[in-house]
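As given, the protein sequences belong to chains A and B, one line each in that order. Numbering (numbering that gives the first Met the number 0) for the first sequence: 0 to 284. Numbering (numbering that gives the first Met the number 0) for the second sequence: 0 to 284.
These are computed hints drawn from the structure, not numbers from a lab. Check before you lean on any hint, since a few could be wrong.
A pair counts as met if it fits within one copy or between any two copies, since identical chains are not told apart.
[Said to hold, decoys possible] Okay, derived cross-link-like pairs now, DMTMM-like style, lysine to aspartate or glutamate, Cα gap no bigger than 25 Å in a straight line: (1) K82 x E53; (2) K208 x E194; (3) K206 x E67.
Number of protein chains: 2
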Amino acid sequence: MTISSSPNQTAPRPVFIVSDGTAITAETLAQAVLTQFPNLNYEQRRIPFIDSVEKATATADRINQVQERTGMRPLVFSTFSRKTISEAFCEECTGYVTELFRSFVNPLEEELGMESTHQVGETHRIRNEENYDRRIAAIDYTLTHDDGQTDYGLEEAEVILVGVSRSGKTPTSLYLAMQFGIKTANYPLIPEDFERGTLPEALQSVKDKLFGLTIAPERLHDIRNERRPNSRYASLENCRAEIAACEAMMNRNGISYLSSTTKSIEEIAATIIATLHLEKHERIG
Amino acid sequence: MTISSSPNQTAPRPVFIVSDGTAITAETLAQAVLTQFPNLNYEQRRIPFIDSVEKATATADRINQVQERTGMRPLVFSTFSRKTISEAFCEECTGYVTELFRSFVNPLEEELGMESTHQVGETHRIRNEENYDRRIAAIDYTLTHDDGQTDYGLEEAEVILVGVSRSGKTPTSLYLAMQFGIKTANYPLIPEDFERGTLPEALQSVKDKLFGLTIAPERLHDIRNERRPNSRYASLENCRAEIAACEAMMNRNGISYLSSTTKSIEEIAATIIATLHLEKHERIG
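Hey, can you work out the whole structure from these sequences and the hints?
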């Protein structure tokens with residue numbers, strides 16, 4: 000619960016994430032806003048499913064008590080889709096409330112000349128069964144085609160990630176499948192491939208779908224050492240050699256790649272989508 | 000790219016998601032707001048990494064051209080962390096712009112008596128290496144403990160999902176690991192368990208971590224039929240029997256469960272976190 004970006008400061012500012020749904024949108028909003036204040040020391044608490052006026056009033060009271068106890072005005076990020084709940088909460092709460100729907104949905108009603116539904120929890124509900132099925136199919140595909148397990152059906156992939164072992168292929172593949180419904184395979188490039196000097200046979204016919212991940216040798220060394228301490232596989236020398244050979248192979252084959260060392264999975268995924276022109280995939284959830 | 004909620008209406012309203020970072024926050028914002036207008040027919044386009052004044056002006060021009068061509072004012076959802084870029088974009092763009100940072104970050108500066116950084120792309124950057132490592136460790140754990148593959152290390156799990164085959168355990172497990180860094184195992188309950196009438200031996204000592212998933216028999220039948228058409232495994236009769244037995248077993252053992260039939264993975268995950276009191280886990284990314 001504690002996220003102390005500046006542990007030496009005074010007591011952390013209380014932050015509450017409140018919603019009548021999952022609170023996922025509210026938390027995304029809070030994180031986007033709060034990361035703009037890296038010196039803010041805060042303590043965050045998530046309160047989802049506040050779906051009645053009674054719960055809203057009780058939650059506001061609870062937040063007010065924190066203010067009384069700590070002497071600090073809590074920051075509240077909320078997404079209440081239902082007006083009555085939102086009003087009851089905002090009226091009662093003495094914190095600094097940033098309410099997404101009040102700020103954006105109500106003005107948009109005018110622009111569109113259309114009433115909004117004020118329905119609860121629509122955002123992270125399945126838009127339709129088709130969307131859900133696509134997501135599950137993508138996850139199934141990605142699990143089956145993780146780590147070069149099978150070449151069968153590789154042509155069905157929309158993205159095939161390549162790179163040395165432990166360069167971040169699996170998490171990125173799963174993220175693309177989970178969040179965008181993109182069928183993503185991943186295929187390791189191994190010392191054998193570097194010695195031979197050519198891409199694995201199975202990748203030759205799907206070169207337009209390849210995207211590479213690389214990583215700083217020091218970081219790879221740390222990650223591999225966790226798994227197989229003091230092995231040749233994990234040695235810094237071997238990590239350096241594998242990465243150099245892998246980058247050379249990707250360069251020779253015209254494969255776009257980026258380094259996972261300082262990038263989050265989200266940034267890597269967004270870059271892959273832009274590079275391979277997969278923008279047609281709407282973000283799911 | 001097309002998300003036609005009402006295909007019979009006139010031409011779809013153009014929607015643009017623009018950001019100097021990944022555009023993930025902007026897309027989440029757009030989805031949260033637009034799902035409140037289920038009758039709006041729109042066509043959405045994501046434009047990430049607009050990280051210079053030149054790119055911002057060019058993007059605004061491109062959006063303006065869409066307005067001229069279609070005669071419809073585009074809706075724009077943006078998260079520009081840098082003020083100069085945001086201003087250049089907003090000045091040039093004739094669309095209806097909803098800008099997250101301008102709306103929320105600037106007022107918060109006053110409340111906090113603190114300047115924001117206006118740094119690009121901080122939201123979905125890794126907050127620190129520790130956070131990233133925790134995420135990767137959770138994904139590794141979850142993949143290793145998928146589908147009851149091993150009982151070894153089961154006590155390390157923070158959540159163990161149980162349910163019949165294809166009830167949604169794997170996607171939910173991966174989501175909890177990916178988005179919250181929660182080590183999640185999943186364990187199938189199978190006809191053998193129902194005949195014996197007791198939970199699998201390995202789950203006896205970790206009952207406080209169990210959470211169940213159930214599903215409507217008709218839906219399970221459809222899902223299983225995709226995999227193994229016309230099998231006994233997929234038959235509606237068998238699906239009904241397995242689910243009834245599974246729910247009875249979960250009831251007998253006091254295991255909380257919910258139905259994945261009409262819930263999104265996000266909703267299921269948020270409910271599990273609330274039920275098992277795992278709110279300490281901050282959402283990652």
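Now for the hints, and whether the structure bears them out:
1. For the homomeric pair K82 and E53, the shortest alpha-carbon distance inside one copy (14 Å) is at most 25 Å, but the shortest distance between copies (40 Å) is not.
2. In this assembly of identical chains, the alpha carbons of K208 and E194 lie at most 25 Å apart only when taken from the same copy (23 Å versus 48 Å across copies).
3. When the C-alpha separation of K206 and E67 is checked against a cutoff of 25 Å, the pair qualifies neither within a copy, at 62 Å, nor between copies, at 39 Å.
When held up to the earlier numbered hints, the structure conflicts with hint 3 and nothing else.
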